[in-house]
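Listed in order, the protein sequences are those of chains A, B, C and D. Under my numbering, the first residue of the first sequence carries the number 682, and numbering increases by one thereafter. Under my numbering, the first residue of the second sequence carries the number 682, and numbering increases by one thereafter. Under my numbering, the first residue of the third sequence carries the number 682, and numbering increases by one thereafter. Under my numbering, the first residue of the fourth sequence carries the number 682, and numbering increases by one thereafter.
Calculated from the structure, these hints are not laboratory results. It cannot be assumed that every hint is accurate.
Copies of the same chain are indistinguishable here, so a pair counts whether it falls within one copy or spans any two.
Stated by the list, open to error - Mimicking PhoX-like on lysine-lysine, the simulated pairs with C-alpha atoms at most 20 angstroms apart in a straight line are: (1) 685 - 1160; (2) 916 - 706; (3) 844 - 698; (4) 862 - 1084.
Treat the numbers as computed from the prediction; the structure is a model and nothing was measured.
Each chain, letter by letter, is given below.
Number of protein chains: 4
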Amino acid sequence: MAIKTRDECLERLKEAKPNVFMLGKKVDRVWDDPLFRSTLNLLGATRDFAFDSEYKHLSAVHSPLVDEPVRRLNLHLQTSKEDAIIKAKLTREVTSRRICAWCGSNVMSVLWAATYDTDQKYKTSYHERFAEYVKYIQKNDVDCCWGMMDPKGDRSLKSHQQKPLTDLRIVDRNKGGIVVKGAKVHTSFGPATQEILVVPCRSMTEEGRDFAVSFVVPIDTKGITFIARPAPAPKQPMDMEGAIGSAIGGVEAMTVFDDVFVPWERVFLCGEWDMCDRVPSYFASIHRQSKCACLAGHTDMLIGIIALTAQVNGLDMTVAHIRDKLTEMMMQAEVAYGCALGAAEAGYQHPSGVWVPDALIANSGLNYIRSQAGHHLAALHDIAGGIIVTMPTELDYKNPATKEYMDTYLHGSNDFTTEERLRVLSLAQEVGASRFTGYLLGWAVNAAGSPQTNEILVRAAYDLDKRIEIAKDWARITK
Amino acid sequence: MAIKTRDECLERLKEAKPNVFMLGKKVDRVWDDPLFRSTLNLLGATRDFAFDSEYKHLSAVHSPLVDEPVRRLNLHLQTSKEDAIIKAKLTREVTSRRICAWCGSNVMSVLWAATYDTDQKYKTSYHERFAEYVKYIQKNDVDCCWGMMDPKGDRSLKSHQQKPLTDLRIVDRNKGGIVVKGAKVHTSFGPATQEILVVPCRSMTEEGRDFAVSFVVPIDTKGITFIARPAPAPKQPMDMEGAIGSAIGGVEAMTVFDDVFVPWERVFLCGEWDMCDRVPSYFASIHRQSKCACLAGHTDMLIGIIALTAQVNGLDMTVAHIRDKLTEMMMQAEVAYGCALGAAEAGYQHPSGVWVPDALIANSGLNYIRSQAGHHLAALHDIAGGIIVTMPTELDYKNPATKEYMDTYLHGSNDFTTEERLRVLSLAQEVGASRFTGYLLGWAVNAAGSPQTNEILVRAAYDLDKRIEIAKDWARITK
Amino acid sequence: MAIKTRDECLERLKEAKPNVFMLGKKVDRVWDDPLFRSTLNLLGATRDFAFDSEYKHLSAVHSPLVDEPVRRLNLHLQTSKEDAIIKAKLTREVTSRRICAWCGSNVMSVLWAATYDTDQKYKTSYHERFAEYVKYIQKNDVDCCWGMMDPKGDRSLKSHQQKPLTDLRIVDRNKGGIVVKGAKVHTSFGPATQEILVVPCRSMTEEGRDFAVSFVVPIDTKGITFIARPAPAPKQPMDMEGAIGSAIGGVEAMTVFDDVFVPWERVFLCGEWDMCDRVPSYFASIHRQSKCACLAGHTDMLIGIIALTAQVNGLDMTVAHIRDKLTEMMMQAEVAYGCALGAAEAGYQHPSGVWVPDALIANSGLNYIRSQAGHHLAALHDIAGGIIVTMPTELDYKNPATKEYMDTYLHGSNDFTTEERLRVLSLAQEVGASRFTGYLLGWAVNAAGSPQTNEILVRAAYDLDKRIEIAKDWARITK
Amino acid sequence: MAIKTRDECLERLKEAKPNVFMLGKKVDRVWDDPLFRSTLNLLGATRDFAFDSEYKHLSAVHSPLVDEPVRRLNLHLQTSKEDAIIKAKLTREVTSRRICAWCGSNVMSVLWAATYDTDQKYKTSYHERFAEYVKYIQKNDVDCCWGMMDPKGDRSLKSHQQKPLTDLRIVDRNKGGIVVKGAKVHTSFGPATQEILVVPCRSMTEEGRDFAVSFVVPIDTKGITFIARPAPAPKQPMDMEGAIGSAIGGVEAMTVFDDVFVPWERVFLCGEWDMCDRVPSYFASIHRQSKCACLAGHTDMLIGIIALTAQVNGLDMTVAHIRDKLTEMMMQAEVAYGCALGAAEAGYQHPSGVWVPDALIANSGLNYIRSQAGHHLAALHDIAGGIIVTMPTELDYKNPATKEYMDTYLHGSNDFTTEERLRVLSLAQEVGASRFTGYLLGWAVNAAGSPQTNEILVRAAYDLDKRIEIAKDWARITK
């Protein structure tokens, strides 16, 4: 079986020498840096999932490309409606527990279709190259990070208009390959993976042809520097506080490419500027369908935390306003999940074999659920009470001089010990009143493209003319 | 082919002699009463649809029960995921054009499953009887109305507690059949159909056993009286005003059963009080899935009308606030439709063969889209302007003394004549500022059960304990 | 005392001979046309209010201009903060009962300030003329309608760009006065008043100088034609249905000026195009402050109707969802009213003496409450139930053949007779599912300017730069 | 002049020896503990404000009680409508800049009225005592913290039902005074003040008579322990990150009273259980009126930060979705502020002299603006982009090995240097994606009582019967 275990993956990390900076220092040993622990744990969990007795029939899937099992959410091409539906189901299962399912397979499917289109138009052989690469990472169970988003500098300007140039572009083409320069931002997990897969993030005009570039390279390729930001977690490991962030998280990074050489066999787009829009276009369907399920899961997780917080405070679903706020969140989670399934259902098969979910439904569902993220956090505060902002800290609970006072005066429902209540309030605090809170908001609002991108796409895809014609029929206007 | 044409259906109406009252008078000739025209036209349209070249491959479907084609939305049992998906697709197509697809097949599917359950528990033979009945109406292409909602009198009391008794119940059981008394409300289309299919609308306790009754009888059965309300439409046919309501609509009725005899072969539930909840339960999945698609279609129709109204005023999607309001509505329509498809996808096959969509998704999606209905009407007013409330009437436009003034001073965009603009504004007025407006609101807010019924169901079906367990895991609480 | 009674006012109507058309016919006897009854009743009520023992200390006010009492909401200049506050209080009192307080005094105050400004800049004497006119209407207790909104034709074009010209403009100036041509729309109550006061509705450029015109003339001045639309009400007087609309309402009209001569002493603006913006600008403060209170009152009225509807159905504020929906509406009414008072409080005294409420607060409050109007109607449907759309009509209740059935089967709470319940459901139906519904929506969404006008004004008035400076301070950016 | 400067205040802190714990350690030198710096700075700012040339005519006010100037927001009794209006104005000014105006005077006004009521009923002399105390703190410019909120333990139980007892209560009464035991939570700023003023937080039944207690004592009174939580700020002072939290903040604390003796002259309620509701009741009017203005100010501050963030990204108010989101926030700020003024306007004078704002408006306005807090943060993420979650840290920008890359690739609009952009993005990050974020949410959602408390109060104060009567009038129901 090709799927590597968590430990095998960790060992492999020691072999690479990426150039990584974080908090002003160089990070030489990613594999045992405390600030990377939660990231490695999350990546490890994606592997555990493939061995989980309850889920492995879904989370590990046979890949016809290599005739071996692969991790579905990370490495499987989405080639059927069923794939898209199982993906949504698994994604919600994971994100209702541990925040991120790391659905790296989406960008694989996106590029599978995009390279196919380019080859059709330009008689190039990007698709074949990329297929070879997919086989390689499936066989070797490689962890790739995505380098998709350009920094974009001044958002009112195009890539070639920036001063200085910020976005990743080709600066040289030679016999062996190309040389690229620029940066990608939001490289989630980057320094803890093996390879970085670069794709364009927006459409280009002809002047932008050098920005039309897609490729993959190992993360320790000469010229690559990651400037990373730690995942949200307590500075030191704690027993009660920061439970989620201590366990799992995702280092984020800006990835700088300073004259990085890429051999031709790893180049998947090179100058065909009019094909750049394919990536964001397929991404808008394939990844946002996942994101609907992902945010349904986050909502589930919040519902559980809020309900448990109410319980430790002595309250439950018989209190009308708690019941109603949680019911509203349940309905929102189900609407988002319903759209994930509905988009899968209404999708189509791309000639390359990829199943492309319906963009209208996926983008509409995502726009809706993400618009509720702020409200969900407010609901947590509402039901948990001000105590999550003002409560004494774990260190005081561990201090004998104050522990007894806290045991007495922070006691809540008699169904729980004070320590249990404090654990739950600490969890609510992490989610609603810590750096983790901003992380959750960011993942809801901007991950997989901003709310505006949903609206633009819906506007473009919705058949408004058809509906205007119906109105004209009723008004008996014939033109 | 068993499907009857619009005209055949009209002929058949002449054969029945239902006892119908409307606006204080007895209606003897439903088939040519002007107040029934729009209803008959809508029912006729459900037949035309089965012959429509573009849709007949979907709207007419082979029924294995009778080995003949039947009208899918009206008479086909939903026995597969595909059925549920095609139903949603067709429903949206219809309701974006002519308000109501008359999805009578849903109650058939509901009762198909419910009678099966009753037989399983009580070794009765209701299911077989009902199957015979379904074959009969499929073969003869019969139009049934639904008698589902009881009047419920004082809403804080159960059926058997009402004083006087209002809800339909069994008052006698004899060798040949049963005798029923009471009323059903919201009998849409009732007097214009052939038979009335009665089902319970809520769960019962043992004291309510006489209210546990389901049956079907011809509408002109002795003892039945319809007290009907006209569909919203202009009093006289107009050329410009009331275009939709003049063409199509639905007479509503309260149906009184005054000691009506029902032979046993048409009785599908009789006293098994603990099975009453099956009907609203399956209904909550099967019919509300339709309703998600239905309201997506209504939203589409409104989008078209609003966009056209903007055009006749000289405005379009380049005006930011118009673009944004319409985009929001597009996204809402797609979310509702996504939930219709997603609920179908996440459904399950009932042992009776019926495909039951997922209740969580269907109810959540419906609750969402119906909550926007008021906003959609406000958006229409916003974009159309105050003129739809204050404009002179069609009769003034037809009056030579005022026509010229109206032609000059109510001229809008030069892309349209004044008459065209007035037709469009009249359409906007009908939808947003006429009796039709309330009809639309009613269909959105209360049809297929009220918003509360969605919330109750979601709360019951959502696995809250599972999410609380996840929260406990994070808080390391082990109990 | 100068305030005329309802009957005196009616007598006076007989003296004028306005040219009025409605529903395709000429209306010669406004004072006893059944379609005008509700309008006359509403205007009459503004007079009764000045004699009402509970309110007359507020509703009748001493006018220093004429040293006599005048009707506050109709004829009093707003010259102090207290005036603005009492106006808001009275407005809410009235609109929570009978829909419209007819706050005609607002446009008087607006023009009082605007003419002052024009005179200051142009050394004209419009203000003095207008002051004379105000004294005249105060002394004689004259009813004026407003002719403010131009038809605007193609909304993307300015007045002078329309083809054909639609907006009211000066076509001749001579020794005795001016001649005007064009139309005004939304002339509420027009044919039932004595005089029409015309003001500009938007800012003009120099090409629009002929559209810069303000004046007043009697409504039966040669060349004026009203093309009117009936207020929403049952066609025939009913006992139970259409209670509000039968009692009170407002005829709307398009008013055509076909070469109408206006003597100089009644002209208040004539070509000073750069002063046109004064009217909409003061209007945005003075009238929208009223409108906040007005919609608070409408919300109050709906709250009462919804609560009563719940009662006749056997439900009340102990039902959580009813309690919560009504509480939300209460809070919205109070927010709107709070903004009416807050805007008065934060206002300023114009050099002409007029008290101008704060535009930011008035427009923000109005934008909020009007955005909820659709939801309020949906809440009514939600709580009343589908019955308000499907119930039998009053004529059936009056028909002995069906009355008993209705008495039995539409009985609700035992605290009410069936007839009482039907009266309440009919009231709910009128408000939520009749032509009146659209009227309410129109009054909420578009009366006193559209939602966009609020946003434009807030954007213009809010000191964004100040807040950006604070942000720069925190970011330590010094430029 | 009695108002002490920031430095005088700091000196005074050295004289007290409160028992303070934070992060597991005892804090002996509050006045120079780095974790208290931001708190002291905020308290100092309330003093600077009284000397600020622009505001001192408002922020310092003559107190007739002591015939000296006092800090208005901290120590002035609110005895007129004008007081309440100036308070709102000043509060918004401050909170749009530095988060908290520390409106300690509100609880003074609340207790002023409450003690008056108690004396009226019980012929006690609490009011006189309290008046003496107010004179003392005004003369000496004393900083008091509020001890209002009890821990409440199991929220479904009353104070006397808790096991263990958590809420503050009288455990002994003797000749010299009383002895109290229990805790108060949410003691904002507590350890950095001089005295703690304790009041009840909810109504009591007779069994709760020992919990009916109000008093004031110095914070270093024997038996008092503060278990404090640091204000949100970077661990170490940074140059770019955490700008607001580094400058100002508020230490929060749980305050334990372990058999604390209070002399009679400092006791303001002692066992009169039926008077407990007076404090939350007056608080609901007086403090929530402030809170409306406070959250208007926070919204202003966010608007400025969002607009500036857009600018450094090269965008501005010409981008439709940015313009619309900011306009919506402007309107929300103005609505909240309008309600602060409107509540002042509609208030009444309590017999004790205190001006009590209208509870309906204050609670409705607060409920509205706080319900938007989550959306405001989401809007910040939306417009700032994902970069605020993923960007490299300040330490990397200070590291020469990475600074140049960041300068190049994180450059935005050419109107700003990269450093300036990073400062602004860091500010956006602090507000939207740091521990500060939760603090903001907490202040919006729960400070001054939860959303539910608003709803309960509005429901109680709104005259629903009056509106039902109006509905009955229309329905012609006479009972």
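Structure-based check of each hint:
1. Within a single copy, residue 685 and residue 1160 get their C-alpha atoms no closer than 64 angstroms, and across copies no closer than 34 angstroms, so neither meets the 20 angstroms cut-off.
2. In this homomeric assembly, residue 916 and residue 706 come within 20 angstroms of each other (Cα to Cα) both inside a single copy, at 16 angstroms, and across copies, at 18 angstroms.
3. In this homomeric assembly, residue 844 and residue 698 never come within 20 angstroms of each other (Cα to Cα): the closest approach is 32 angstroms inside a single copy and 58 angstroms across copies.
4. Proximity of residue 862 and residue 1084 under a CA criterion of 20 angstroms is satisfied inter-copy only: 17 angstroms between copies versus 56 angstroms inside one chain copy.
Of the numbered hints stated above, those contradicted by the structure are hints 1, 3, listed in ascending order.
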